[in-house]
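Q: Given the coordinates of chain A, assemble chain B onto it according to the supplied hints.
Those sequence lines, one after another, are chains A and B.
Position one of the first sequence corresponds to residue 394 (this note's numbering), numbered consecutively onward.
Position one of the second sequence corresponds to residue 394 (this note's numbering), numbered consecutively onward.
Keep in mind the hints are simulated off the structure, nothing from the lab.
Fair warning: there could be bad hints in the mix.
Where chains are identical, the list cannot tell them apart; a pair therefore holds if satisfied intra-copy or between any two copies.
[Said to hold, decoys possible] Computed list of lysine-lysine pairs in DSS-like fashion (alpha-carbon distance at most 30 Å, straight line):
| no. | residue 1 | residue 2 |
| --- | --- | --- |
| 1 | Lys537 | Lys592 |
| 2 | Lys713 | Lys543 |
| 3 | Lys521 | Lys637 |
| 4 | Lys521 | Lys668 |
| 5 | Lys649 | Lys593 |
| 6 | Lys592 | Lys649 |
| 7 | Lys703 | Lys592 |
| 8 | Lys593 | Lys637 |
| 9 | Lys537 | Lys649 |
| 10 | Lys663 | Lys703 |
| 11 | Lys521 | Lys645 |
| 12 | Lys593 | Lys663 |
| 13 | Lys554 | Lys664 |
| 14 | Lys637 | Lys664 |
| 15 | Lys543 | Lys703 |
Bear in mind the structure is a predicted one, so any value in this text is a computation, not a measurement.
Number of protein chains: 2
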Amino acid sequence: MARAFRKNVVHGLMVAGAATGLLAAGPALAYDWQSLPESVEAPQDNPTTEAKVELGKKLYFDPRLSETGTVSCNTCHNIREGGDDGRPSSMGVHGRVGPRNAPTVWNSAFMSTQFWDGRADSLEEQAKGPLLAHPEMGMPSHDKVMERVKEVPGYRQAFNKVFDGENPVTIDNAVKAIAAFERTLITPNSPYDHYVEGKKDALTEQQVRGMKTFNQVGCTSCHSGAAFNGPQPSMPSGQGFFRKFPTFMDSKYVEKYNLAEDPGRYKVTKKEGDKHMFKVPTLRNVELTAPYFHNGAVESLSEAVRVMGKVQLNRDLSDKQVADIVAFLKSLTGEFPEITMPRLPSKPGETLVDGAAPAGGGGH
Amino acid sequence: MARAFRKNVVHGLMVAGAATGLLAAGPALAYDWQSLPESVEAPQDNPTTEAKVELGKKLYFDPRLSETGTVSCNTCHNIREGGDDGRPSSMGVHGRVGPRNAPTVWNSAFMSTQFWDGRADSLEEQAKGPLLAHPEMGMPSHDKVMERVKEVPGYRQAFNKVFDGENPVTIDNAVKAIAAFERTLITPNSPYDHYVEGKKDALTEQQVRGMKTFNQVGCTSCHSGAAFNGPQPSMPSGQGFFRKFPTFMDSKYVEKYNLAEDPGRYKVTKKEGDKHMFKVPTLRNVELTAPYFHNGAVESLSEAVRVMGKVQLNRDLSDKQVADIVAFLKSLTGEFPEITMPRLPSKPGETLVDGAAPAGGGGH
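Looking at chain A on its own, in the form it has when it is part of the complex (with noise of 0.2 Å):
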């Protein structure tokens, strides 16, 4: 089932750039740019309803489903900003940092697998690996999650409210709630999108440049479709979309910024051939994401263009051609829903976490 379909598409730049004046017709530039869908498909067994949302929101923000009950699903994927950290990598429960950069998690419902190694092919899924990992939540097991989500009144009334069964506060069923909630994290309407959707003074004329080199050097054949992370909506789910990176090893840039040192996939699979493969990001709200790269490496986003030009295109990208990009790029930064702060449910006059001892220093 494809998870997401398709609110417009306008088939080839050429069109665009008809009108524009700016750009020549060409079979390089009969590509399909799509536009952002505003919505997404959930999954048969998961359908989005107003009250899951509500829940998935809650937990979404509820540090108390950390070790120390400090770090949130938003501590990290922060959806006040791009749905990142801005960090080279996370900081979880007691400073501990991980090993990878961060995803947005705006628009991840169009994303064909999660995690940078693709180890969940739903949000679902997904959802359940930061409680337990290590260096991000921190619990102990998914049951002491819910042992503590359990102890709110709040939440059990909202789980019974949301789910059928007789003991309806399960880890799948609270995933299943953050899901719904992720799958309205949703940006359309960037000038992108308006652009092909008609509108051309939607983009600048540099910005225009930067669409044609970004098909032309090959930067679609993998940043496709309209979350640019490749052409997920034809593809059956679960199936990830996933690129070796980097592709040609012998570039400086791999020495510098340590970009082969991951194996991607492979840890994941062991299989030689899912060495250095990673998922497709998304390049929507790119601007919003520094650091990039699985490891968080390169600070700013024309450095990271130029590097994508020579580790995987084997291309020198002119400082124009670079600017042009990055131009077009800020162009898909879309629409962020207005979103209600949520109300956490508390257990009145009781103590949820059992927090360290106070120690010395300055504060409160």
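A: Using the frame of chain A, we list chain B on its own:
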């Protein structure tokens, strides 16, 4: 200047008691029960404006103001729940643990002084502390904080819109904005408030009994006023309401909960008379802010009431008295305003927080 004004005052529980038929009239009950105002006066040099509150909200929620990019004001003063962090003491950057329990930010505008030891007179001054506190946000200097803020175009625009002057992106203006936002964090219309405003069925019989006991045994000698944190409206601004805690040092609870280790305000003034003096905290929403006391050593509200009875009033409260007072205290949970999530402005395509290099272990 008194910073709060009263919305409504019922003089004497006698009135309430007479209406419910639960309470006997008597001198001990002629107590000035006050409801919580819905707003608070701003200082003359920091008038509240909508744009300032919006800017303050962004800064309040921005983890990039901390060294690691992971800790915001909201991390320890989580307004999505009790305005604290539910821990004995907070966990800041690098998993560092501080010495004292995070006070709630809800209704902090009604506090006569800020921090447990009253080392800040105003919300503005308070907001400067955690930015630099080693176990909290851990920044090396306010200049370094503002350097980051200045790198964000959206912040520069917002400061220019809100504040006068050629270079308005200053720490003094930043904390003014944060304080302006905090002055909106008020929770009126609790069952208690409705009760003292004349709605006699707003409290249960047990809660009315608890209210009477709360006054009779002496809790109101410190926890008075609209916010139950002292006679603040009649006090000169900047004059904190402190009390010695523990007062009765020979109680077994003092050792059990390590209540005498922290010298309180003495740390600030070095005056012998300030030993173990602490700001009297608000009891508004107290059911949401376990664990309790300056060191967060007591896990439940009922135990906190029992301990307070002994170490402050030298009384052995009965189980019934404790249960009644707890029931009453739960009536102090107010209405929380609906708050829209702020969008944090970014430094487009550039890294703002230099983070540590990725480490090993699972995640993302």
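Q: Taking the hints in turn, state whether each one holds.
A: Hints versus structure:
1. For the homomeric pair Lys537 and Lys592, neither the shortest alpha-carbon distance inside one copy (52 Å) nor that between copies (42 Å) is at most 30 Å.
2. For the homomeric pair Lys713 and Lys543, the shortest alpha-carbon distance between copies (27 Å) is at most 30 Å, but the shortest distance inside one copy (57 Å) is not.
3. Within a single copy, Lys521 and Lys637 get their C-alpha atoms as close as 26 Å, which meets the 30 Å cut-off; across copies the closest is 47 Å, which misses it.
4. With identical chains, the CA atoms of Lys521 and Lys668 are at most 30 Å apart within one copy only, with a shortest distance of 25 Å there and 48 Å across copies.
5. Taking the shortest alpha-carbon separations for Lys649 and Lys593, neither the intra-copy value of 40 Å nor the inter-copy value of 72 Å comes in at or below 30 Å.
6. For the homomeric pair Lys592 and Lys649, neither the shortest alpha-carbon distance inside one copy (41 Å) nor that between copies (70 Å) is at most 30 Å.
7. Neither within a single protomer nor between protomers do Lys703 and Lys592 lie at most 30 Å apart by alpha-carbon distance, with minima of 33 Å and 73 Å respectively.
8. When the C-alpha separation of Lys593 and Lys637 is checked against a cutoff of 30 Å, the pair qualifies neither within a copy, at 35 Å, nor between copies, at 70 Å.
9. For the identical chains of this complex, Lys537 and Lys649 are inter-copy neighbours only, at 28 Å across copies versus 42 Å inside a copy, given an alpha-carbon limit of 30 Å.
10. In this assembly of identical chains, the alpha carbons of Lys663 and Lys703 lie at most 30 Å apart only when taken from the same copy (27 Å versus 63 Å across copies).
11. Taking the shortest Cα distances, Lys521 and Lys645 never come within 30 Å of each other, neither inside one copy (37 Å) nor across copies (44 Å).
12. In this homomeric assembly, Lys593 and Lys663 never come within 30 Å of each other (Cα to Cα): the closest approach is 48 Å inside a single copy and 70 Å across copies.
13. For the identical chains of this complex, Lys554 and Lys664 are neighbours neither inside a copy (44 Å) nor across copies (57 Å), given an alpha-carbon limit of 30 Å.
14. In this assembly of identical chains, the alpha carbons of Lys637 and Lys664 lie at most 30 Å apart only when taken from the same copy (13 Å versus 67 Å across copies).
15. Taking the closest pair of Cα atoms, Lys543 and Lys703 never come within 30 Å of each other, the shortest separation being 52 Å inside a single copy and 33 Å across copies.
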